[in-house]
Every structure is written in C-alpha cells, then in structure tokens.
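Asks: Sequence order for the protein chains is A, B, C and D.
Going by this note's numbering, 209 is the number at position 209 of the first sequence; the sequence numbering is gapless.
Going by this note's numbering, 1 is the number at position 1 of the second sequence; the sequence numbering is gapless.
Going by this note's numbering, 95 is the number at position 95 of the third sequence; the sequence numbering is gapless.
Going by this note's numbering, 21 is the number at position 21 of the fourth sequence; the sequence numbering is gapless.
Rather than coming from a laboratory, the hints here were simulated on the basis of the structure.
Please note that the accuracy of each hint is not assured.
Since the list gives no way to pick out one identical chain from another, each pair is judged satisfied if it fits inside one copy or across any two copies.
Below 16 Å or equal to it, Euclidean Cα-Cα: the simulated EDC-like pairs (lysine to aspartate or glutamate) are [to be verified]: (1) 24 to 167; (2) 243 to 229; (3) 24 to 229; (4) 231 to 250; (5) 106 to 76; (6) 231 to 76; (7) 21 to 275; (8) 85 to 153; (9) 243 to 48; (10) 110 to 175; (11) 164 to 5; (12) 243 to 141; (13) 243 to 216.
Here are the chains, one letter per residue:
Protein chains: 4
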Amino acid sequence: MVNDEERFRDGDFVLLVPLFKTKKEIRFVIKLKSGQVFHSKFGVIQHDGIIGKYYGSVISSHLNYNFIALPAKLHEIVQNYKDFKFITQIIYPRDWATICVFADIKKGDKIIEIGTGTGAFLSYLVRTVGSSGFVYSYEKDVERAKIAKRNLDELGIREGYVIKVRDVIKEGVDERNVDVVFIDLPEPWLVIKKAWCSLRPGGRIVVYIPTFNQLEKTVMELMRHGFIDIKVKEGFLRNIQVKPYAIRPELKGYYFSAYIVFARKSFVIPLSYVEDLVKHAYLGEKIEYK
Amino acid sequence: MVNDEERFRDGDFVLLVPLFKTKKEIRFVIKLKSGQVFHSKFGVIQHDGIIGKYYGSVISSHLNYNFIALPAKLHEIVQNYKDFKFITQIIYPRDWATICVFADIKKGDKIIEIGTGTGAFLSYLVRTVGSSGFVYSYEKDVERAKIAKRNLDELGIREGYVIKVRDVIKEGVDERNVDVVFIDLPEPWLVIKKAWCSLRPGGRIVVYIPTFNQLEKTVMELMRHGFIDIKVKEGFLRNIQVKPYAIRPELKGYYFSAYIVFARKSFVIPLSYVEDLVKHAYLGEKIEYK
Amino acid sequence: MVNDEERFRDGDFVLLVPLFKTKKEIRFVIKLKSGQVFHSKFGVIQHDGIIGKYYGSVISSHLNYNFIALPAKLHEIVQNYKDFKFITQIIYPRDWATICVFADIKKGDKIIEIGTGTGAFLSYLVRTVGSSGFVYSYEKDVERAKIAKRNLDELGIREGYVIKVRDVIKEGVDERNVDVVFIDLPEPWLVIKKAWCSLRPGGRIVVYIPTFNQLEKTVMELMRHGFIDIKVKEGFLRNIQVKPYAIRPELKGYYFSAYIVFARKSFVIPLSYVEDLVKHAYLGEKIEYK
Amino acid sequence: MVNDEERFRDGDFVLLVPLFKTKKEIRFVIKLKSGQVFHSKFGVIQHDGIIGKYYGSVISSHLNYNFIALPAKLHEIVQNYKDFKFITQIIYPRDWATICVFADIKKGDKIIEIGTGTGAFLSYLVRTVGSSGFVYSYEKDVERAKIAKRNLDELGIREGYVIKVRDVIKEGVDERNVDVVFIDLPEPWLVIKKAWCSLRPGGRIVVYIPTFNQLEKTVMELMRHGFIDIKVKEGFLRNIQVKPYAIRPELKGYYFSAYIVFARKSFVIPLSYVEDLVKHAYLGEKIEYK
Numbered sequence: 001m002v003n004d005e006e007r008f009r010d011g012d013f014v015l016l017v018p019l020f021k022t023k024k025e026i027r028f029v030i031k032l033k034s035g036q037v038f039h040s041k042f043g044v045i046q047h048d049g050i051i052g053k054y055y056g057s058v059i060s061s062h063l064n065y066n067f068i069a070l071p072a073k074l075h076e077i078v079q080n081y082k083d084f085k086f087i088t089q090i091i092y093p094r095d096w097a098t099i100c101v102f103a104d105i106k107k108g109d110k111i112i113e114i115g116t117g118t119g120a121f122l123s124y125l126v127r128t129v130g131s132s133g134f135v136y137s138y139e140k141d142v143e144r145a146k147i148a149k150r151n152l153d154e155l156g157i158r159e160g161y162v163i164k165v166r167d168v169i170k171e172g173v174d175e176r177n178v179d180v181v182f183i184d185l186p187e188p189w190l191v192i193k194k195a196w197c198s199l200r201p202g203g204r205i206v207v208y209i210p211t212f213n214q215l216e217k218t219v220m221e222l223m224r225h226g227f228i229d230i231k232v233k234e235g236f237l238r239n240i241q242v243k244p245y246a247i248r249p250e251l252k253g254y255y256f257s258a259y260i261v262f263a264r265k266s267f268v269i270p271l272s273y274v275e276d277l278v279k280h281a282y283l284g285e286k287i288e289y290k
Numbered sequence: 001m002v003n004d005e006e007r008f009r010d011g012d013f014v015l016l017v018p019l020f021k022t023k024k025e026i027r028f029v030i031k032l033k034s035g036q037v038f039h040s041k042f043g044v045i046q047h048d049g050i051i052g053k054y055y056g057s058v059i060s061s062h063l064n065y066n067f068i069a070l071p072a073k074l075h076e077i078v079q080n081y082k083d084f085k086f087i088t089q090i091i092y093p094r095d096w097a098t099i100c101v102f103a104d105i106k107k108g109d110k111i112i113e114i115g116t117g118t119g120a121f122l123s124y125l126v127r128t129v130g131s132s133g134f135v136y137s138y139e140k141d142v143e144r145a146k147i148a149k150r151n152l153d154e155l156g157i158r159e160g161y162v163i164k165v166r167d168v169i170k171e172g173v174d175e176r177n178v179d180v181v182f183i184d185l186p187e188p189w190l191v192i193k194k195a196w197c198s199l200r201p202g203g204r205i206v207v208y209i210p211t212f213n214q215l216e217k218t219v220m221e222l223m224r225h226g227f228i229d230i231k232v233k234e235g236f237l238r239n240i241q242v243k244p245y246a247i248r249p250e251l252k253g254y255y256f257s258a259y260i261v262f263a264r265k266s267f268v269i270p271l272s273y274v275e276d277l278v279k280h281a282y283l284g285e286k287i288e289y290k
Numbered sequence: 001m002v003n004d005e006e007r008f009r010d011g012d013f014v015l016l017v018p019l020f021k022t023k024k025e026i027r028f029v030i031k032l033k034s035g036q037v038f039h040s041k042f043g044v045i046q047h048d049g050i051i052g053k054y055y056g057s058v059i060s061s062h063l064n065y066n067f068i069a070l071p072a073k074l075h076e077i078v079q080n081y082k083d084f085k086f087i088t089q090i091i092y093p094r095d096w097a098t099i100c101v102f103a104d105i106k107k108g109d110k111i112i113e114i115g116t117g118t119g120a121f122l123s124y125l126v127r128t129v130g131s132s133g134f135v136y137s138y139e140k141d142v143e144r145a146k147i148a149k150r151n152l153d154e155l156g157i158r159e160g161y162v163i164k165v166r167d168v169i170k171e172g173v174d175e176r177n178v179d180v181v182f183i184d185l186p187e188p189w190l191v192i193k194k195a196w197c198s199l200r201p202g203g204r205i206v207v208y209i210p211t212f213n214q215l216e217k218t219v220m221e222l223m224r225h226g227f228i229d230i231k232v233k234e235g236f237l238r239n240i241q242v243k244p245y246a247i248r249p250e251l252k253g254y255y256f257s258a259y260i261v262f263a264r265k266s267f268v269i270p271l272s273y274v275e276d277l278v279k280h281a282y283l284g285e286k287i288e289y290k
Numbered sequence: 001m002v003n004d005e006e007r008f009r010d011g012d013f014v015l016l017v018p019l020f021k022t023k024k025e026i027r028f029v030i031k032l033k034s035g036q037v038f039h040s041k042f043g044v045i046q047h048d049g050i051i052g053k054y055y056g057s058v059i060s061s062h063l064n065y066n067f068i069a070l071p072a073k074l075h076e077i078v079q080n081y082k083d084f085k086f087i088t089q090i091i092y093p094r095d096w097a098t099i100c101v102f103a104d105i106k107k108g109d110k111i112i113e114i115g116t117g118t119g120a121f122l123s124y125l126v127r128t129v130g131s132s133g134f135v136y137s138y139e140k141d142v143e144r145a146k147i148a149k150r151n152l153d154e155l156g157i158r159e160g161y162v163i164k165v166r167d168v169i170k171e172g173v174d175e176r177n178v179d180v181v182f183i184d185l186p187e188p189w190l191v192i193k194k195a196w197c198s199l200r201p202g203g204r205i206v207v208y209i210p211t212f213n214q215l216e217k218t219v220m221e222l223m224r225h226g227f228i229d230i231k232v233k234e235g236f237l238r239n240i241q242v243k244p245y246a247i248r249p250e251l252k253g254y255y256f257s258a259y260i261v262f263a264r265k266s267f268v269i270p271l272s273y274v275e276d277l278v279k280h281a282y283l284g285e286k287i288e289y290k
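Please work from the sequences and hints to get the whole structure.
Replies: Set out below in structure tokens:
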C-alpha cells in the first residue's frame, strides 16, 4: 500500500518527533538537502539518512536518540524551522484559521495584505487562495520585505503573490476591486479609507489588532467609511494535557493573541452607526470638560 | 470600477444586513431564484428586485425596511439559510478553522470523514481540498445521509465528495492511503484502528469530542494503535461589542464547543505512551479495588 | 443529630430547588413571613408550611410540585429574591470573590465604596468586614441610595455601613485613613486623586471597569497619583454540565464581567511608570499628527 | 493623618515592590524580626531599617536598589514568603474566592477540610470563619501535617483550627453537623458518604478536582448520596498588561486550575439524578459490549 509518494525527497520539510522523553516538548523541523547534516544536543542526523525513507520512519541520531520523521505541516515549519526568520510578531496560526473562516477566504480570492511582517500569514494566504487567486502584500520596511521574501522562498512558495515595498499610509495601494483587504499595522485606522477604495462592492476587510487602544479608533473609522456588518472576535485555544490517567487542560499557555475585526464594504452608513458615533463624540466632549 | 461580476445573479446566496435597529442581531440568507419572494416580519422582498443589483446595494421591503445585500459567506449560509437543514449538532465554523490549520488540511488532500451529520463541515472540507482533492464521507443513517446530500446540493456543491451510507464501526471504510481521517462519532474509540489502516504513513487524524467522558478512551486508543504526536485543543471565540463609546467583550456567548484531538500515523508506540497506559491501568485497578 | 437550629424560622431566606425536571434551571428564593403565601406557576406554597421544617425538607405546592427547601446563600438571595431590586448592573458574585481575595479585604477593614448602585456588593462587603469593620458607601442619586438602603434592610443588614448621598466627583469623601477604596463609577479616573487622599499609607484601591475605553484613563491616573503595584485582572467562570454520561462545559454562558484594577497607595511614582506615561504622551501626539 | 498604626512592627509581613525595572516581575515578602537581614541579588536590607517606618516608605538596599515597603496581603505571603513551605500543589488564591462566595463561607461557619496539604487555603478559611467559626482539617500524611502546622504558625495563625492526622478514607471524621465540608483528595468519591454524614441538613460540600477523570465519579457519588443542587464551575483569571499605550491581556498565563464542585446535603435523590445515573449505567454497558 505504501508507494513512492510516501517517501521523503530532497527539499521536503521533515518534522522530527522524539521517541524519548523530554522535559519540555521538542519538535525539530528540517529541510532535506542531500549531503547536509542536522545537529542538536541529541546528536547528529544525516539528511541522506532520511531521504528515501517512508513517512513515519524511525530515524536515529549518532548518539542513538530515536525520532519519528513526518512530513511537516505549514504551521510547524513556520514556527520551528530555523531558516524561517522572525522579524516581527507573527499572526499566530491559531488566528490564521479564524480569519480565513470568518472572512470566507478561499480559492480564487484576490487579497491585499497591508503589513507583510515576517510573511508567515502571507504563506498561509497564498496557499489558501491557490493558483487562481493572488496576494498583494505591502511592507514599508525594505529589510523586512527582503526577509519575508526569503522566508517564502525557503518554503518553496514562489508564485501567487508579490511583496511591494511601500508605506501605504502615505502612498496607498495600486489594486482595485479586490475581494479582501487584510491589515496588520500599528495604526490601522490610517488606511481604512484606502482599503475601502481598493475593495470591490461587498468586499471583506479584516484588521488584526493587538491592543485595546487601537480597537476604538479602528471601529470608528470603519463606521465612518461605509463598512457594515462590523464584528470583532477574540479567540483562544487551550491545550489539553494528554495523560490518560490525568486528562486536564494544561495549567499555563497562551491566553491572548489579538482582536480580529471583520467588516464588509458598503455604500451607506447605517443609522445605528451614526448614532453610536454621535454618542461617542458627545461622551468624549463631556469627559474632556471635567 | 464596478463590473458585471459585481452584480447578483440567479442562484447566488445573499446575506441581508438590516440598516434599521433590531433588538437582537438579524441576518437573513436567501438563495436567489427569479420569480420568488422572501417573506419576513419586516415585509416582502422580490428576488427579482435583487437580481442584477450591485453587491452592497440597499434593498427595501414592501414595508420600507432597508437592508444591505451582500454575497453570503459559507458559514453564514450554513447557519442562516432555511433550506440548509440541521439534523445534528454541526461542527461549529469556529472549529472548522482550528481543524484545518492544525491538521494542515489543504488543496489536494484525500480525506475520510466518519459521521457526515448535517454536512456543514463536509461543505467546508470539499471547498478546502478543491478539485484535486476528495472527501469520502460516511454516515450510518440513511435519512441523515439523504439530508446531508440535499444540503450540499442546496449549496451548489456537487463534486469532490461522496456520502456512503454505512456503519463504519461494523463494516469499516473502503479507502486506503488517505491523507486525513476526521471522526465525529459518539464512540470514536471504536474506529481508531480502522482509521489507522486507511491512513497513509504520517497521515493525520482528527477526532471531534464533545464531552470529557469520550476523551480518555479516545486518547488511549490512539496511543495503543501507533498514533504519535497526539495533541488536544479546546478553542473558544469571544465576540466583542462594537460600540465606540463602550467597547468590551459581549457578556454572554458560546464558551465551549468541543475537544479536538490531533495525531499522526506512525508504526511505533513511544515508550512514554506505554508508560502512561501502564500507569493508567495501575491507577484504574487501584481505584476499582477500593 | 438535628436540632432546633436546623429548622426554618420566620424571617429566614429559603432557596427552593425543584425536585421535578424543568427546561431551564429554576431557583426560587423567598423570605419567610408567617401567614404569607408564595405563588408560582407550579402552585401555591404557604410560608407556614416551611416555618419549623428542618433544612433540606421536601415542600409540596398545592399542585403537588415538590421542592427541597434550603437556607439560601447570599449570592442566591441577591440574584433571585424578588424584593431585592436591581436598579443598576450589579457587581457579579463571581467578581465579589476576586476583589476580596486580591484586595485582601477582611474582618476589621474600613472601606469606602464609591458608587453604591443596587447595593449587592455592599452587602457582601459589610458581611466580610464584620462588626469590627465599616463600609462608607457613596451614591449621588437619591433614589438609588434609597433603594439600595431598602435592599440591605430586606437582607437584614442594618449595621456596619452607611450610604451617603453625594456626588464624590464634585464634593469628595469625608473619611481619611481607610484601608480600601472601591470605585464603581462610569468615570473612575475623576476620583482617583480623592481616593488617594482618603487612603491610609499602603492602602488598597480597587476599580471595577466594564469597558476597554475606561481602562487606559484609569491606569494613567493611578500611575500619576502615587499608586503602585498596579494590576489588572479579568476573570470568568465557566459552568460545567452535570450529566454523568455527558460531562462537558455548558455551551453558552457569561464570558465577561469587567476589568478589575488593583493598586496600593504610595508616596512616589516609579520611574517605569513615568516612562510609560511619557511614551504614551509621545505616541498620542504622533498619532494625532497624522 | 498618619499615626503609629501605620508603621511596620516586629513580626509584620512586608511586601517589597521594586522601584527599578526588572525583566520579570519581582515581589519579595519578608517577616520582620529585629536584628535580621534580608539578602537578595539586589543587596542587603536590615529588618531594623524597616521596623518603625511608615507603610509605603521607600527602603534602600546597601547596593542602592529602592523598594516600596507595604503590608503584605495573605495571598502574597502564601505565594512569596520563603518560610511558607509548599509540599503540595496549593489551592490557588484565584480559587479561594470562588469557593468562598459560591459555598457562602462566612463568619461563624464550622468547616471540615479533607486534605490539608500545604495549608494555604486553610489559612484563608480560618481567617474567613473568624473567631466564632472553626476549621477541622484532616491530613493523612504526618510530615505534611507538621509542615502545614508550621506554615500556619509562620503566618501567626494559632487559633480557630486543628489539623488531625488521619486517613479519612479509612477512618472517617469525628465532627457532625458542620456547615461545610471541603475535599481536596485524589479520590474524592471515596469520602462523599462520610461527608454527607458529617454535614448538617442543607450543609454545603465543595470538591476541588484537578482532572477530568475524577469529575464523573465524584458527580455520580454526590448524586447517589443525597446531595442536590450540584454545580460545577471552572474559573480563570487573565492578567492585563499595564502599559497605558499598549493595554491588552498578557499573552501567556495560567488558564486552568481545577473544577470546583458545589452541592447541598439533602435527604432525597431527585428523579432527574436517578435518570441520569441509569442512563450512565446503560450507556456504560452498551459501550463495554462493543
């Protein structure tokens, strides 16, 4: 039943899962390159000792530590592969999913990403929209853009996207009529209007917001600029301890990542939004006075 | 900039977002069919009054209630379209995402789903694996299978999957060497071995578990049958109130859906798993005695 | 073993727990008064039929619905007794506890509460500080103050506190050298300075904050006014479904109540706070400019 | 305004809050003893340099590191004072509160604690029930009991409780007609019956349960033994980052402590519980067969 498609080949990403006990969870991700060698404190592993082996094989280091070798998942590569360089806080994989489901991101979508950063989410977006879609990613910092490009190259993702070096706040974007605009900037409210212009009617906007402070301004800008159906979600994932005699959530872990704002491009401002904005202005003034 | 692709056509799913205030959030999803009429307590809307309109247009009922019409997202259709019939608790959209990211479900994957249910997640899976992938979905109840089929027909999803009426616990599955097995059954531990056999080496398994009770048995069966890298996640999403003068999480909402178990097919049982199983057996015995 | 102290007496609060199945959870709280009658859709119960009965007795309505009668807990009385009138959103019982533990509220403490509201938390505070402590509660609205007073009368709490009708923002408080100041106002930042003056050295302040918007201003005011060890906590409680064959968290419930801010009175402003305030001012300016 | 009651005295617990920046949060708790010296990597502090100082004073180490000295809160002492020895996982302060509010633990209550452990929660219970209440705490391990006793001595808590060295599972408890039984054992279901016998009618039981596995058995035992109004709660507290320009929840922290089970002593078993137990038995059998 096992055929040649089930064997590791040069260029594949491999996840190594230790068969021995470790104090903290250890997962190595390596990219196979014939002739190369993987070093860790558990000893040396020849890449050529993995190439040609079936998925799920046991691989031993020269110190006789055993690992299971598996095809690595995208989120494992992004989080564990040494040559995928983190230059910014990435959009967490636990949020990739939430964004894609609730913004209905799918095959064929044309997407603008404002704030390339490390390129982790960009890689997921490119894979999701497929060959019939496209991702236009904007990054104002030249160095970051280079590293993000190199990161995607490392992943073997060479098509379906472009990274443009530009400060969108000052210079805007080129595309019109796109399906989705995704914003991950410290001051997202400054590009909401530009996002509106570049979206097709009914188009979807998503803003990734790490602090409370940014949320109010962003929501107000969306309300003012003809976005409707504004929704904000905050997700968290809890890991459960896998001990059959002591199953319980882990005691500690990530319990926050960001607020994720979703909305749709429209041509009107609902009365309720106007009222909310007026109420905000009034309350603001009242507060200033005191 | 707006072209003909931005207009509603016969057969499209439309989301109607009210422009007036409502006590509870209201979202209607309708499927356009020339000559038909949509009734609600806010009055009557002719489908022909929407067909041909641009996305994001304002639509009025005969009682002069105004709505924005938008192309509906998949999760909105599944949750709001009247002819998508719920016969079981569905896998929640907030979990679709988590499953697909952490099981790395993507274009081209061959997937077995055990427990079709209503077919909601099936529709998302079919869309995700695309035309180069395939989903084999098993359902033991004939009536459910029929309704699920009709649900996917309603969504316009006619290819890329098959629903087989069969009790997998008794009769197993036909496919071998698939990439992913997804299980949503009350007694998932009874099909773990069958899932192992049908997966390709390194293949991914996901089990969706709504109660504590089922979790221990499932994890133990995975440990016993050569699955490794077992991880369990529990996710929840909190909605944030969108009032610019009073931004805060909603007070009430969904705070649980299910435990989601992820693992990979391997050919060995790690020593740590054996120890855990032994410890469980010992503790179990000790407890029984008292 | 059961003695006369275990029997219901006139004036006691009784919790009635139905012994029959109900679709939604039902808990009645009544205050026993000889000669009175309790009406519900499950029939009539004579108070005199409960007075003199042992705690835990079965009580039947005239329609033969059975209930267990138990001494009611404080939080049950506050949330279920009809004559405890809600005029504002109360501090939730799930937060009473968090506040008291992390502000170390205990027997003997002198406490100022700014914003009496309904008086629910006041009742818990009075009970917690006991006869050697005291709670000075300020409420600017005369009507509210009256109702809160009546609520505490209903609970039988007649000593250990005073409700003063006053707008603290304008007129300040009378007490000095108190142990704790608790603030539950829409604009808490306006009384931070007054709170500082009324606290003893090292005294504890707690601010209850329902929205994001209020949090930033409050934290900044605390930093500016010589409060240190500032901590903010957000708690939530999840209810677990009690079905031995299907134990799992409830699907829906309260998942937010408020942000709770804790700090201590000091005479200095730590350098790190100054830096944070400067950084905030700078970022604010930068943002305004654009 | 500051009087002699506001000065540190021999025997007081002091919380030292650094006025300088530290990478991780640092809080020292020391117990003042004239003539002693406190050492840390930030230098030496003479206890006599604190004794007599006002609360909230600045204290400098010989290396010129400055701290604010504050009266320490109970939960800070338990978690940070070196001579309070942890021998078991303690009941977390975040749970002390939940237990006391929802079990209505208050002045005057007589309480049995089964499983003294480190004695942290015992100290909070003793303080809460006050001089008119009492806590009977059972611990089967002699060494643990000694350390717990020493811990309470260290806190200066010498009255209002007793620690009895006994295996309650085998030998039961002495008291009858108590108000509350609190259980923190690995196999709590083995003492449910004994707890029922020792409670007064309507009495409250609380069981602290760290894993899923223990929950089902415990709930079933409560149902079988005449406990009603069974409720299970799981709490969690999220810390918010206190930076006025970047307010957001901390990214990582504790997101689980335990399941807390609450119930009341009754003399009947509600029909719904019987049905649940039968359903469980049936499902259990059905599952065993397959």
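Asks: I want to check one pair: residue 85 and residue 153. Are their C-alpha atoms no more than 16 Å apart within a copy, between two copies, both, or neither?
Replies: Classified as within; 12 Å inside a copy, 45 Å across copies.
Asks: Classify it for me, residue 110 with residue 175: is the Cα-Cα distance of at most 16 Å met within a copy, between copies, both or neither?
Replies: For residue 110 and residue 175, the Cα distance is within 16 Å only inside one copy (10 Å; across copies 35 Å).
Asks: Within a copy, between copies, both or neither: where do residue 231 and residue 76 come within 16 Å Cα-Cα?
Replies: between (30 Å within a copy, 13 Å between copies)
Asks: At most 16 Å between CA atoms: does that hold for residue 243 and residue 48 within a copy, between copies, both, or neither?
Replies: Neither: 35 Å inside a copy, 50 Å across copies.
Asks: For residue 243 and residue 216, with the copy left unspecified, which applies at a CA distance of at most 16 Å: within, between, both, or neither?
Replies: Answer is between: at 8 Å across copies they meet the 16 Å cutoff, but 43 Å inside does not.
Asks: Classify it for me, residue 231 with residue 250: is the Cα-Cα distance of at most 16 Å met within a copy, between copies, both or neither?
Replies: between (30 Å within a copy, 11 Å between copies)
Asks: From the Cα coordinates, with 16 Å as the cut-off, is the pair residue 164 and residue 5 best called within, between, both, or neither?
Replies: neither (37 Å within a copy, 27 Å between copies)
Asks: Give the relationship of residue 243 and residue 141 under a CA distance limit of 16 Å: within one copy only, between copies only, both, or neither.
Replies: neither (46 Å within a copy, 26 Å between copies)
Asks: Could you place residue 243 and residue 229 in one of the four classes (within, between, both, neither) given a Cα distance threshold of 16 Å?
Replies: between (43 Å within a copy, 13 Å between copies)
Asks: Under a CA distance limit of 16 Å, which applies to residue 21 and residue 275: within one copy, between copies, both, or neither?
Replies: between (60 Å within a copy, 11 Å between copies)
Asks: Is it within, between, both, or neither for residue 24 and residue 167, if the alpha carbons may be no more than 16 Å apart?
Replies: Classified as neither; 41 Å inside a copy, 35 Å across copies.
Asks: Pop the pair residue 24 and residue 229 into one bin, within, between, both or neither, using alpha-carbon distances up to 16 Å.
Replies: between (43 Å within a copy, 14 Å between copies)
Hints 1, 9, 11, 12, counting from the list given before, are not met by this structure.
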